[in-house]
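These protein sequences, in sequence, are chains A and B.
Going by this note's numbering, the residue at position 89 of the first sequence is 89; the numbering climbs one at a time, nothing skipped.
In this note's numbering, each residue carries its 1-based index in the second sequence increased by 1000.
Be aware that a few hints might be false.
Which bits of chain A does chain B cover? Going by a derived footprint, with three or more residues having C-beta under 8 Å, they are [what the hints assert, rightly or not]:
1) 103 to 117
2) 324 to 335
3) 338 to 350
Hint data in this document are derived by calculation from the structure and do not stem from the laboratory.
From the three backbone atoms N, C-alpha and C, an ideal C-beta is built for every residue, glycine too.
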Amino acid sequence: MTLDLAQLLPQVSQLATDAADRAADRNRRLPEAGRALEAAARLDPQALLDRIGRAGTRWRGARPTDEPVGAAYPAPPHPERLHVMGADGSQVLPDRHAIASFYLINIGSLHLIHGSGEPPQVASRPSLHFRDEDLYDETLLPIDAALVAGRRDAAEMGELARLSDSCRGESALTLLDNALLLWVALQERDQRRHAVDRILQAYLTEMGHLQQSGAALAGFVDRPGSVNALALVHLAGLPLDSVNPESLQANPFRRLLDRDLFAQRLQPGERTARFASTSPLNADFHKRGQEIQFFYLHTGYQNQIARVEVPEWVGQDSRRLGWVHAGILEQCRTTGIPYPLVRAHELAVVAQADRAALEQLLQAALLRAGLRPHISQKAQTKRWTAQRRRHRL
Amino acid sequence: MPEGRRLIGRVTRCSIRGFVGGMRLPEPDLPTFGSFCTAEAQRGQSQVIGLIYDISVEDDELARQLAIAEAPSPEARADNQFTRPVPIEIQALAVGYRSGDAYHYSLPPQPPLTLADIFPLPAAEVRRFTERLEFLALILSASQLPVDDILVAALRTAAESRPAAERRSYLVRAGQECARLLGHDLTRLDGLVRLLTV
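Isolated chain B, as found in the complex (with noise of 0.2 Å):
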């Protein structure tokens, strides 16, 4: 495990798109959704970068039973709430890799394997990964997911790893490169532009 860096799941399935990752982690440190991860494909020469598009907790037997019983102790729900490693599943779509030290911003030649460990992308690369905008068109071409809910999550995670002063600048050259790509569809746009701006 790299030194620092908070395993958050390791690879179940997975295929060239992207990949989905299980764990048990207690509340706090559950990933959020629009963040960015990273798993480690062709034996160490590329990293994966994900983004998260989906969180599930899974039950378990513990909890089924808990659920079901006439009235869990109020000390038992806080520790299945707080406490207790949650088992969770995580959905990340492929946005590119790394190879070496430069970022590609197109499907891997490889997925992760199975198992393969799962680590938040520090805030410096996704900073890094983030500043050239060719993620947005892997993120809008993938099919039968929320997309524009995702692409907004993403652009305010890349943001958020900026300072301050140049989250603003930063947006506004995405909205342009959004506008780009969505140009055909000005309704859709539109609503991204709004949601962006909430």
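Looking at chain A on its own, in the form it has when it is part of the complex (with noise of 0.2 Å):
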């Protein structure tokens, strides 16, 4: 090991007491936020919207739908019979050290039937890009792992896709491990605005898809650091008058997450009322019919708060919007996460093990073709150190 941990000990321990003060600075906090919950919960919805119009489309903060505020919401009964997939992806990005000019992304998905006792169904899907339109944007420059991710991302969604398709008709939840607003079009939007429209577009076209099955989606967020539904708090207990950039920033709630607030709130199994967000993004989601709103979510597992997020016409399915709060609620009773998202990042990862057979697969393949495949000179001295264990006899 060449980490000199003793010269980092000072800064652990400064570490371990700034934790520590903030975690006690926000349980000071937290009855404060409390009574402001309650107090937006009593405010009149239209006012509360007044106060959301004024403060403008920079406010990023959680905006009310047909729920009330402050209601919490306990579970429905779960259906006999449901049909839960997860999928989860992985990618190797490009590296211009290795042997060839590619990036893979690998799909692991898994599809149970909840009330059948049979075993899963499980799949992992790799895919290979080495085409010049794979690794080149429009302007010619490489792909970035930001790029590759919202790839990845489309191809999650198109698996849950190809998944709920094979169950039209039937209950069935569809689930993502992270928020459904595509985030590489939340980074990358104005800097490579022709590659993430196309993945957009891919993510959305698949999200369609997924509707017209009939099925449920739901992103499921755990340890969620939003702040959402705080802002909103703030914002509810502002005079409509004062309501401006300098208020807005004055947040007393500023070191709090959604999360410590809902933990206080809601019992095992109980979710809160849905929210949308506020981002430009999801007004664009929103003309395509796919707006995305969201919920916390006590899943009964060690007093964990999730952040669920589903598209507005699960949201305003009460069949739909039953099968995500009940379904999550026992696929997390024993394993804190979805019990088919574990399933599907362990189909997904790719190990180094993997890496080390894709690469000898990739070097035979280029041998055969006639090239003399190597790594640069900068990744094989980074193999002589890495490997400081020896096999010889």
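Work from the hints to combine the two standalone chains into their complex.
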């Protein structure tokens, strides 16, 4: 081990002290946040919407839906039989030091039928991307990690659409292990508009297929770091004519998270009201009939509060919303994260040994094609120093 | 990986007398007690032939988590029993090695290296290797192992690799070799023959 832990000790100790201070500060502020939420719940819904209108398009908070802001909903009954499908993906990023230019996306999925007692169906679908149009965007810039992640997200959605098609007309829940607003579009839309728009188009098309299949769709976010509901709570406490950028900035709940607030208020199995994200990207989703809404859920597993995102066509359909609520609770019962997502991740992950085997396969193919593949000298020297243990007899 | 051969493990520790391999396999692919396997040694110059004498299913964090749950769902249980690759450890006793086309019925010159692939020995090769019965002596000399059960399982595997009409005569010949090797211990020999005829 080259990391000099002795040098780090004072910083580690300081980190622990800071974390303890933050936790104490959080506990001091929580009751006030709880009272502010109750006040927001008492406010006339139109008055709340007026404040959101005044806050402008740059405000990033939770917009209420048809459900009362302070409401908590117990779990609905679980259907006797429910298809539950989870998909997750992993990738090998393009590497100019590797023996060839490519990237790989591997999608793992699991499809179980709750109530059947049958073993689930599993799949692992790798795809290799090596053509110029795969590796460069429209300005001939090399594709970056965010774009690969975006294509992986679209492929995950495609896998769920494919699986849900196999159980049309039956109760079905499809799950992703992340938020539903496409991350790459939030991050890179301004820099690589065309490439991002193509991914977004593919993603939304697959969401549409999923919607048509009759299944429910949800994104499960463990340990969410979002503060949208607290932003709303703060906004609700401001007089309408005092809503301005300065007052919005002076948020006393800034060091809290939404999940801190709802951990105090939700009983195991309960969910909050649904909210909608005010991100401009969500406006685009809304135009396509795919506005993303979210709620917080006490999964019943070690006081865990998860954020669950659903498209509006799930949020407004009590039957599909019930599958999401009850289905996630059941699937979290033993693992804290929905079981199909735990297994989908296991099926998707590309381990070091898999990478080595893939490299061998590529090397052999390149040799057969008359090429002399080799990694860069830099990559070679890293391998020399990384393999400190030798097996020589 | 040799074409058409199913990987059943990779060596995790080894010695001249045998090797241990680990892998995650779905339940239908688990090897069986008393079957033969092979792993490369000496940079491909030899193939150590092992006899599987122990198969243990390792737990992992997810399996442990499901086990302590109040009631894992039937689907999760079935997934872990039939679909999810099971982390297994197999232990094999070295009973010979192949160098080129020749079989040697003694301990190999070197053990396989860490992470060497372990494959089942194809039936045709099991038949060729077990044609001579010198491997029985290596099994009988293994210490601290249930040698008689291993020997019986190995002979059954060897017999099954042959056409049905040849199995009985093969077992009779193997029994005669056991009688020669265990002539000093008639009680044990009697037990062995009984196990073989069950």
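Within the assertion that chain B covers the region 324 to 335 of chain A, do at least three residues meet a Cβ-to-Cβ distance smaller than 8 Å? holds (count 4)
Coverage assertion for the region 103 to 117 of chain A with respect to chain B, Cβ distance below 8 Å, three residues required: holds (count 6)
Checking C-beta pairs, does the region 338 to 350 of chain A have three or more residues closer than 8 Å to chain B? holds (count 4)
When each numbered hint is compared with the structure, no violation occurs for any of them.
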